[in-house]
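Given the structure of chain A, go ahead and fit chain B onto it with the hints provided.
Number of protein chains: 2
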Amino acid sequence: MSLTAGCCSVEVPISAPTASHAEALTTEFKALADTARLRLFLQIAQADGEVCVCNLDDVGLSQPTVSHHLGKLRNAGLVSSERRGTWVHYSVTARGERIRDLVLALS
Amino acid sequence: MSLTAGCCSVEVPISAPTASHAEALTTEFKALADTARLRLFLQIAQADGEVCVCNLDDVGLSQPTVSHHLGKLRNAGLVSSERRGTWVHYSVTARGERIRDLVLALS
Chain A
1 MSLTAGCCSV
11 EVPISAPTAS
21 HAEALTTEFK
31 ALADTARLRL
41 FLQIAQADGE
51 VCVCNLDDVG
61 LSQPTVSHHL
71 GKLRNAGLVS
81 SERRGTWVHY
91 SVTARGERIR
101 DLVLALS
Chain B
108 MSLTAGCCSV
118 EVPISAPTAS
128 HAEALTTEFK
138 ALADTARLRL
148 FLQIAQADGE
158 VCVCNLDDVG
168 LSQPTVSHHL
178 GKLRNAGLVS
188 SERRGTWVHY
198 SVTARGERIR
208 DLVLALS
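As given, the protein sequences belong to chains A and B, one line each in that order. Residue numbers are given in our numbering: position 9 of the first sequence equals residue 9, and the series is strictly consecutive. Residue numbers are given in our numbering: position 71 of the second sequence equals residue 178, and the series is strictly consecutive.
By construction, these hints were calculated from the structure, which means they are not laboratory data. Treat each hint with caution, since some may be false.
[Claimed, not checked] The list that follows gives simulated cross-link-like pairs (lysine-lysine, PhoX-like), each with its CA atoms no further than 25 Å apart: (1) B:Lys137 <-> B:Lys179; (2) A:Lys72 <-> B:Lys179; (3) A:Lys30 <-> B:Lys137; (4) A:Lys72 <-> A:Lys30; (5) A:Lys30 <-> B:Lys179; (6) A:Lys72 <-> B:Lys137.
Okay, chain A solo, but in the shape it has when bound (with noise of 0.2 Å):
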């Protein structure tokens, strides 16, 4: 695919990611595009393993709202979840994976 009206003719070559693809991508940009969610994803998935969600309330945010970020997170699929009697436990996806590390390639 390539455009070629307009002012010029210059060759767009144009690989983008499906429609599915590029709603995916924008769902994960989306949950990682506030500061504190960003944050909290990065202690889940820099973490050896899981975390406990009584561990992540060092961001200055009260448990509610680490709790909204967790679900954000989660239903973007970048961490998933596992209660074990009063608290809930995270760690990163396969997928949460391979994003934290370009994430971390871009610092």
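For chain B alone, coordinates are given in the frame of chain A:
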């Protein structure tokens, strides 16, 4: 820095980006957290050289809407623009090139 309070004492190593860096990252993620902008960005970022805005009208959007999205990409530092006569020409920035490569790696 590590977090040890709470129900357990798992060490959570944190090498999160600095605040200013996290701010830049979230601005970039916000700019790409929209399928139309993601497509426009990739059209520019995958072109060989600069792209005339007149060649970016194949995304099913009106020209004012395209211009609005391009302004967001420019404000996020992902693309730069130059007006020559009637038309504005866009090219990817060095930072945008890095992000393009990472986005494509996720596809």
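To see whether the hints hold, each was checked on the structure:
1. B:Lys137 <-> B:Lys179: holds, 9 Å
2. A:Lys72 <-> B:Lys179: holds, 23 Å
3. A:Lys30 <-> B:Lys137: With Cα atoms ~6 Å apart, Lys30 of chain A and Lys137 of chain B stay inside 25 Å; holds.
4. A:Lys72 <-> A:Lys30: Roughly 9 Å between the alpha carbons, so the hint for Lys72 of chain A and Lys30 of chain A holds.
5. A:Lys30 <-> B:Lys179: holds, 15 Å
6. A:Lys72 <-> B:Lys137: Holds, at about 15 Å.
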